[in-house]
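Taken in order, these protein sequences are the chains called A and U. Counted from 1, the first sequence has number 16 at position 16 by this note's numbering; the numbering is strictly sequential. In this note's numbering, each residue carries its 1-based index in the second sequence increased by 167.
Be aware that a few hints might be false.
Claimed, not checked - Estimated spans, in silico, between C-beta atoms of each pair: (1) A:Lys155 to U:Leu216: 44 to 52 Å; (2) U:Val223 to A:Leu9: 45 to 53 Å; (3) U:Ile213 to A:Ala163: 46 to 54 Å; (4) A:Asn30 to U:Ala192: 16 to 24 Å; (5) U:Gln270 to A:Asn6: 23 to 31 Å; (6) U:Lys352 to A:Lys56: 33 to 41 Å; (7) U:Asp350 to A:Glu115: 22 to 30 Å; (8) A:Arg75 to U:Gln270: 45 to 53 Å; (9) U:Leu216 to A:Gln54: 21 to 29 Å; (10) A:Lys155 to U:His269: 35 to 43 Å; (11) A:Glu115 to U:Leu189: 28 to 36 Å.
Unchecked claim - Straight-line Cα separation of at most 27 Å, DSSO-like style, residue types lysine-lysine; simulated pairs: (12) A:Lys33 to U:Lys193; (13) A:Lys159 to U:Lys283; (14) A:Lys56 to U:Lys351.
Keep in mind the hints are simulated off the structure, nothing from the lab. This one's a predicted model, so the numbers in the text were calculated from it and none came from an experiment. All residues carry an ideal CB built from backbone N, CA and C; glycine is no exception.
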Amino acid sequence: MSKQTNTFLEVVEAHKGIIYKIAQSYCHNNHDKEDLVQEITVQLWKSFGNYNQQFKYSTWIYRIALNVAISFYRRETKRRPLAQPLPETIFNREDTEHATAQEQQLVLLQQFIAELKELDRALVLLYLDGKSHRETAEIIGISETNVATKLGRIKEKLKQKFALVNS
Amino acid sequence: MTEVQLLQIWKSYDEKLEKSLLVNAKNIADIQKLKASSALHSLKGIKWLGILFGIVWVLFVGFLLWHSLSFSKLFFVVSAAIHLVVSVIAIGVYIKHLLLIHQFDNSQSIVEAQQKLVMLNTSSLQVLRLLLLQLPVFSTFYITFDWIQQSPLSFWLIQVPIVLLQAALGIWLYRNIHYKNHDKKWFKWLMGSGEFAPVKRAMDFLNEIETFKQEK
């Protein structure tokens, strides 16, 4: 394996959660999710040679993964299959634990996120991943004030939905 | 549900993923051999097809024009020449779009990249506007001096109003087919179905992005 491939592997390994969570948030079923993970990884690899060191790896990955995910989501329902699907998946998940109360809340949270518009979904994912307003603004391409205003509204909406379900 | 609780749920999900998510290194290495099925893949094909068909068509019209260069065929020559110029411009626009597709960078900010993507997806509208501008030439290329002399009434009372109407319609459509008119009734009727339905959806998204960018 070349040095570049090894570095790429390390970057994907270190940021696998970002790719998985974005794919999970923009896909309705597991098959689409696997396709999207593959598509994001291919696009990351294609752009890896032009990676701009001015940005952190995470910022670069968020931008590409979110852009690919939004385009994937918006593509017509009659989607073309991948040009050359891999025989196996890129990520394997080992689930051994049973659903706890917190996991049930997580399922609800994911459901509420899925109900948001594509751009709001990107905002809330960055917020939940602990990104600052400045970083979020840089990834999304809007002002920090705008990020704060929109996030305030989205958080309120999420709280209301939880309150409705838990009441 | 408080903000802290929301973040805690997400953090526990993150930790769980970190433990349970295994990266298939062999597949990642195989990715280097794959071609991406990008959002612009099909658009690239359409543009190439448009350019190739356009070149063949321009050569054909150019051939006809070359062999018709005489004063007696003035209406045909002028109509074909206008059509030829518009077709060459349309090919140029398609080549420009192809370059933009080639230069498209997914690592731009989300708003910037999505806006460019939608613009590219609606770029066929630019060509449509151009082609509509030449609407009258399809009613002028068959006019002859003999017809004007032998049947002046049918020429002035039927043919000329038709050409003027087409010219007015062509100019109006050229000026008004724009995503900013996406909420107008006529626009929805014209673009809302058939092959333009995806263009309409793309325009709605463009409008959504514009609203998203506004601080309110």
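Here's how the hints hold up against the structure:
1. A:Lys155 to U:Leu216: 44 to 52 Å: holds (47 Å)
2. U:Val223 to A:Leu9: 45 to 53 Å: Distance hint for Val223 (chain U), Leu9 (chain A) holds at roughly 47 Å.
3. U:Ile213 to A:Ala163: 46 to 54 Å: holds (48 Å)
4. A:Asn30 to U:Ala192: 16 to 24 Å: Since Asn30 (chain A) and Ala192 (chain U) have Cβ atoms about 21 Å apart, the given range 16 to 24 Å holds.
5. U:Gln270 to A:Asn6: 23 to 31 Å: This hint holds: roughly 29 Å between Cβ atoms.
6. U:Lys352 to A:Lys56: 33 to 41 Å: Check failed, 48 Å falls outside 33 to 41 Å.
7. U:Asp350 to A:Glu115: 22 to 30 Å: At roughly 24 Å between Cβ atoms, Glu115 (chain A) and Asp350 (chain U) fall inside 22 to 30 Å, so the hint holds.
8. A:Arg75 to U:Gln270: 45 to 53 Å: violated (21 Å)
9. U:Leu216 to A:Gln54: 21 to 29 Å: violated (38 Å)
10. A:Lys155 to U:His269: 35 to 43 Å: holds (40 Å)
11. A:Glu115 to U:Leu189: 28 to 36 Å: holds (30 Å)
12. A:Lys33 to U:Lys193: holds (19 Å)
13. A:Lys159 to U:Lys283: violated (34 Å)
14. A:Lys56 to U:Lys351: Between Lys56 (chain A) and Lys351 (chain U) the Cα gap is close to 44 Å, so the pair fails against 27 Å, i.e. violated.
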